[in-house]
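Residue numbers (the numbering used here), protein chains in the order written: chain A, 15 to 203; chain B, 8 to 542.
These are computed hints drawn from the structure, not numbers from a lab.
Keep in mind that this is a model prediction, so the values were computed, not measured.
Mixed in with the good hints, there may be bad ones.
The calculated lysine to aspartate or glutamate pairs, modelled on DMTMM-like cross-linking and capped at a C-alpha distance of 20 Å, are [stated by the list, open to error]:
hint: 1; chain 1: B; residue 1: Lys343; chain 2: A; residue 2: Asp84
hint: 2; chain 1: B; residue 1: Lys343; chain 2: A; residue 2: Glu104
hint: 3; chain 1: A; residue 1: Lys41; chain 2: A; residue 2: Glu170
hint: 4; chain 1: A; residue 1: Lys102; chain 2: B; residue 2: Glu539
hint: 5; chain 1: B; residue 1: Lys239; chain 2: B; residue 2: Asp157
hint: 6; chain 1: B; residue 1: Lys239; chain 2: B; residue 2: Glu261
hint: 7; chain 1: A; residue 1: Lys184; chain 2: B; residue 2: Asp534
hint: 8; chain 1: B; residue 1: Lys314; chain 2: B; residue 2: Glu328
hint: 9; chain 1: B; residue 1: Lys537; chain 2: A; residue 2: Glu186
hint: 10; chain 1: A; residue 1: Lys171; chain 2: A; residue 2: Glu201
hint: 11; chain 1: B; residue 1: Lys314; chain 2: B; residue 2: Glu289
hint: 12; chain 1: A; residue 1: Lys102; chain 2: B; residue 2: Glu146
hint: 13; chain 1: A; residue 1: Lys42; chain 2: B; residue 2: Glu146
hint: 14; chain 1: A; residue 1: Lys115; chain 2: B; residue 2: Glu352
hint: 15; chain 1: B; residue 1: Lys343; chain 2: A; residue 2: Glu99
hint: 16; chain 1: B; residue 1: Lys538; chain 2: A; residue 2: Glu186
hint: 17; chain 1: A; residue 1: Lys41; chain 2: B; residue 2: Glu341
hint: 18; chain 1: A; residue 1: Lys41; chain 2: B; residue 2: Glu352
hint: 19; chain 1: A; residue 1: Lys184; chain 2: B; residue 2: Asp25
hint: 20; chain 1: B; residue 1: Lys194; chain 2: B; residue 2: Glu146
hint: 21; chain 1: A; residue 1: Lys42; chain 2: A; residue 2: Asp70
hint: 22; chain 1: A; residue 1: Lys16; chain 2: B; residue 2: Glu261
hint: 23; chain 1: B; residue 1: Lys210; chain 2: B; residue 2: Asp228
hint: 24; chain 1: B; residue 1: Lys221; chain 2: B; residue 2: Asp157
hint: 25; chain 1: A; residue 1: Lys42; chain 2: B; residue 2: Glu10
hint: 26; chain 1: A; residue 1: Lys102; chain 2: B; residue 2: Asp260
hint: 27; chain 1: B; residue 1: Lys494; chain 2: B; residue 2: Glu352
hint: 28; chain 1: A; residue 1: Lys187; chain 2: B; residue 2: Glu505
hint: 29; chain 1: A; residue 1: Lys16; chain 2: B; residue 2: Glu197
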Amino acid sequence: MKYDVILAGVGGQGVLSVAAVIALGAKKNGLQVRQSEVHGMAQRGGAVQAHLRLSDRTIVSDLIGKASADMILSMEPIEALRYLEYLKAEGVLITSTDPVKNIPNYPDLEDIYGRIRALPSSRLVGAADLAQAAGSARSTNMVMVGAASTYLPVEEKNLLAAIEELFSRKGEKVVETNRKAFHKGRENP
Amino acid sequence: MPEMVLLGDEALAMGAIDAGVSAAYAYPGTPSSEIMEYLQASAARYGDYVAQWCSNEKTAYEAAAGVSLVGRRVLVSMKHVGLNVAADPFINSALLAINGGLVLAVADDPGMHSSQNEQDSRFYADFARIICLEPRTQEEVYRMTREAFDLSEAFHIPVMVRLTTRIAHSRAVVRTGERRAQNPVNKSTEKAGWMLLPATARKLWAELLAAQGKFLEYAEDSPYNSLELNVKFTDFGVITAGLGWNYYMENRDELPVQPSHLHISVYPIPAGKIRQLAERVERIVVIEEGFSFVERALLGILPPSVKISGKEDGALPRTGELTPDNVRGILGLEPKQGIEGSAVEIPGRPPQLCAGCPHRDSYDALNQALAGFDPKLVTSDIGCYTLGYLPPYQAIETCLCMGASVGMAKGASQAGFHPAVAVIGDSTFLHSGITPLVDAVASGANMTLLILDNSTTAMTGGQRTILTSSRLEKLVHGLGVDPDHVKLIVPLRKHTGENAGIIRREIEYRGVSVIIALRDCIQTLKDRKKKEADQ
Numbered sequence: 015m016k017y018d019v020i021l022a023g024v025g026g027q028g029v030l031s032v033a034a035v036i037a038l039g040a041k042k043n044g045l046q047v048r049q050s051e052v053h054g055m056a057q058r059g060g061a062v063q064a065h066l067r068l069s070d071r072t073i074v075s076d077l078i079g080k081a082s083a084d085m086i087l088s089m090e091p092i093e094a095l096r097y098l099e100y101l102k103a104e105g106v107l108i109t110s111t112d113p114v115k116n117i118p119n120y121p122d123l124e125d126i127y128g129r130i131r132a133l134p135s136s137r138l139v140g141a142a143d144l145a146q147a148a149g150s151a152r153s154t155n156m157v158m159v160g161a162a163s164t165y166l167p168v169e170e171k172n173l174l175a176a177i178e179e180l181f182s183r184k185g186e187k188v189v190e191t192n193r194k195a196f197h198k199g200r201e202n203p
Numbered sequence: 008m009p010e011m012v013l014l015g016d017e018a019l020a021m022g023a024i025d026a027g028v029s030a031a032y033a034y035p036g037t038p039s040s041e042i043m044e045y046l047q048a049s050a051a052r053y054g055d056y057v058a059q060w061c062s063n064e065k066t067a068y069e070a071a072a073g074v075s076l077v078g079r080r081v082l083v084s085m086k087h088v089g090l091n092v093a094a095d096p097f098i099n100s101a102l103l104a105i106n107g108g109l110v111l112a113v114a115d116d117p118g119m120h121s122s123q124n125e126q127d128s129r130f131y132a133d134f135a136r137i138i139c140l141e142p143r144t145q146e147e148v149y150r151m152t153r154e155a156f157d158l159s160e161a162f163h164i165p166v167m168v169r170l171t172t173r174i175a176h177s178r179a180v181v182r183t184g185e186r187r188a189q190n191p192v193n194k195s196t197e198k199a200g201w202m203l204l205p206a207t208a209r210k211l212w213a214e215l216l217a218a219q220g221k222f223l224e225y226a227e228d229s230p231y232n233s234l235e236l237n238v239k240f241t242d243f244g245v246i247t248a249g250l251g252w253n254y255y256m257e258n259r260d261e262l263p264v265q266p267s268h269l270h271i272s273v274y275p276i277p278a279g280k281i282r283q284l285a286e287r288v289e290r291i292v293v294i295e296e297g298f299s300f301v302e303r304a305l306l307g308i309l310p311p312s313v314k315i316s317g318k319e320d321g322a323l324p325r326t327g328e329l330t331p332d333n334v335r336g337i338l339g340l341e342p343k344q345g346i347e348g349s350a351v352e353i354p355g356r357p358p359q360l361c362a363g364c365p366h367r368d369s370y371d372a373l374n375q376a377l378a379g380f381d382p383k384l385v386t387s388d389i390g391c392y393t394l395g396y397l398p399p400y401q402a403i404e405t406c407l408c409m410g411a412s413v414g415m416a417k418g419a420s421q422a423g424f425h426p427a428v429a430v431i432g433d434s435t436f437l438h439s440g441i442t443p444l445v446d447a448v449a450s451g452a453n454m455t456l457l458i459l460d461n462s463t464t465a466m467t468g469g470q471r472t473i474l475t476s477s478r479l480e481k482l483v484h485g486l487g488v489d490p491d492h493v494k495l496i497v498p499l500r501k502h503t504g505e506n507a508g509i510i511r512r513e514i515e516y517r518g519v520s521v522i523i524a525l526r527d528c529i530q531t532l533k534d535r536k537k538k539e540a541d542q
């Protein structure tokens with residue numbers, strides 16, 4: 015078994031936290047994990063991506079090849095499409111519907127949503143609203159982990175344990191908000 | 008063995024800790040910064056070692072030499088271009104009678120994710136005539152770092168561990184071993200071994216050259232340089248180096264026959280193993296991350312009858328990183344096609360200055376101050392503020408290397424150009440801007456230096472600047488800049504007009520003037536407030 019995920023978003027959206035939670039959850043699930051991140055200059059409001067690879071065998075490459083990803087998981091709709099050539103034909107694209115319009119030539123949103131809906135397998139998630147309902151806009155990224163969780167080869171309890179472990183130093187309230195956000199993402203179609 | 012999930016950088020730090028490192032020095036630089044950050048964050052847990060940021064890579068390297076001299080193990084880490092700054096002590100230290108293990112960890116950035124060039128540090132190791140280790144997994148990073156310390160002490164040379172972006176910034180499980188105790192203080196007894204006077208240096212150079220055979224023997228015998236022969240297939244053989252191995256292995260199962268394969272992780276280049284491979288095949292394909300270091304060396308190792316294919320003949324791209332995709336062609340594999348409708352035009356999203364960033368207000372003021380000057384010159388430097396080249400500010404025109412803005416403005420002004428303004432960050436100024444400012448003062452250059460003091464090394468993640476802001480102004484005074492022309496401004500939007508006036512007057516002043524724009528980095532400030540709230 016091998017499951018490759020391209021994570022996408024804009025610097026500051028918590029893409030690396032998403033990667034960290036899924037990676038730790040997968041490890042608790044007994045899988046091998048390799049996770050490539052972008053640090054440095056790009057994190058300043060630029061396009062950010064991470065490659066996350068899960069497998070029950072040794073993983074040799076840190077990067078995912080084209081037409082090979084099982085999932086694109088994005089915090090932002092146009093960032094989801096930026097890496098489309100990495101998605102395999104039967105792969106799923108899951109993205110937040112909330113745009114980050116920090117560039118002057120942001121394309122028409124309805125057109126972007128249309129392109130995403132036209133894919134063989136996709137899911138649009140109103141992540142910001144769900145995060146608000148969970149208690150904090152800052153938990154948007156955990157809504158997205160929840161939305162991805164039904165596809166990932168990782169048991170729910172292991173993802174929740176990873177959330178608890180990674181957020182525990184920020185206090186029980188933050189853990190609880192992120193746990194709620196996860197459930198909102200998981201349960202809302 | 009305990010298992011940890013670590014970035015390549017963190018695995019390197021953990022390897023050094025478990026090798027009994029007593030001190031570590033560095034200057035921040037992507038993709039190497041997380042080595043020192045991990046050492047600092049782990050100090051409380053793993054014991055008593057020094058882990059410090061330094062003014063620049065050269066001072067870091069020199070401090071490391073001192074630690075080695077008195078017998079203790081030391082790590083010095085930097086990004087590839089940092090090694091240019093540290094090249095003087097690095098190259099010379101290969102001649103020294105290294106005592107405590109001295110390991111240089113250097114992280115290259117092919118693809119220039121966050122760099123000015125994509126130079127390949129293996130050339131530096133070769134230039135200095137020392138051993139270089141190049142891991143391909145996070146666990147190898149850990150193991151090779153430990154081994155590097157042993158090698159350094161066994162051969163009395165500094166040993167380089169070369170990382171590249173994708174291994175430095177990728178996480179995987181690492182199984183760690185037992186921690187070795189630190190060396191006691193035990194000063195080197197090699198009297199002439201640390202003295203590079205011509206008479207002693209000639210002897211030390213001859214000794215280093217004589218030791219090359221031992222280094223080569225080590226590389227030839229190392230299990231990391233593994234040769235697998237397939238005697239039935241002679242069309243071509245594969246040599247991989249660094250992450251070239253990872254991308255080759257990602258694709259190998261799709262090949263109809265598995266060719267003979269030599270992987271190189273330990274340098275000097277194992278020429279004997281290369282010849283063994285070449286005897287069996289008609290053509291050699293070289294897949295290596297970085298420049299064509301191995302590929303070019305093959306020309307001196309192999310007879311011309313063996314065809315060599317790689318970056319030099321264009322079969323692999325000569326710029327940028329290797330990927331699982333761009334190594335397919337050289338292996339005779341078809342490219343993989345993305346799903347239908349992939350070709351959507353998505354606008355680029357380049358990095359930009361944060362909302363609330365003090366540089367925004369500094370650049371607004373500078374642009375206002377320079378309005379009406381045509382032509383004008385604004386040299387600049389390396390940091391978040393380099394983004395001021397891009398719209399909407401378009402305030403700066405140059406970025407060469409750390410500190411170059413100051414010397415370039417001085418040179419331009421001496422060539423008769425006015426106005427010449429240099430823009431530099433506080434950390435970059437302390438790294439390499441002080442000495443050119445001394446030059447400018449000494450020559451009475453007609454230039455203005457704008458120091459953007461956000462009290463942090465922001466671009467690499469907000470490491471503390473080596474000198475507090477309160478001492479920066481005194482430092483500038485001490486260098487001999489006329490105190491009447493050292494001005495402090497606070498870059499806030501409400502002050503922009505006033506600040507522009509101050510900058511304009513200093514540009515019009517005939518001589519060296521310095522303006523320090525002092526306001527905290529918005530990210531560092533947020534992080535600090537969060538930490539204070541947590542406590």
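- Item | Lys538/B paired with Glu186/A [C-alpha distance capped at 20 Å] | holds, 17 Å
- Message: Does Glu328/B sit within 20 Å of Lys314/B, going by the straight-line distance between their CA atoms?
- Response: Given that 20 Å is the threshold and the Cα spacing comes to 24 Å, the pair is violated.
- Query: If you draw a straight line from the CA of Lys239/B to the CA of Asp157/B, is it 20 Å or shorter?
  - Reply: Measuring from Cα to Cα gives roughly 39 Å; hence the hint is violated.
- Task: With a cut-off of 20 Å on the C-alpha distance, tell me whether Lys221/B and Asp157/B pass.
- Result: Since the Cα atoms of Lys221/B and Asp157/B sit roughly 15 Å apart, the hinted pair holds (cutoff 20 Å).
- Message: Given the hinted pair Lys42/A and Glu146/B, is their Cα-Cα distance within 20 Å?
- Response: Distance ~19 Å between Lys42/A and Glu146/B Cα, so the pair holds.
- Compare the distance between the alpha carbons of Lys184/A and Asp534/B with 20 Å, and conclude whether the hinted pair is satisfied. Answer holds: Lys184/A to Asp534/B is near 13 Å, not above 20 Å.
- Message: Please verify whether Lys42/A and Glu10/B have alpha carbons no more than 20 Å apart.
- Response: holds, 12 Å
- Straight-line Cα separation of Lys102/A and Asp260/B no greater than 20 Å? Holds. Lys102/A to Asp260/B sits at ~18 Å (cutoff 20 Å).
- Query: Can the restraint linking Lys343/B and Glu104/A be considered satisfied, given a maximum Cα separation of 20 Å?
  - Reply: Distance ~14 Å between Lys343/B and Glu104/A Cα, so the pair holds.
- Message: With the threshold set at 20 Å, check whether the alpha-carbon distance from Lys115/A to Glu352/B stays at or below it.
- Response: holds, 16 Å
- Does the structure keep Lys210/B and Asp228/B at a Cα separation of 20 Å or less? violated, 28 Å
- Message: Next pair to validate is Lys42/A with Asp70/A; report whether the Cα-Cα distance is within 20 Å.
- Response: holds, 12 Å
Checked against the numbered hints given earlier, the structure breaks hints 4, 5, 8, 12, 17, 18, 19, 20, 23, 27, 28, 29 and satisfies all the rest.
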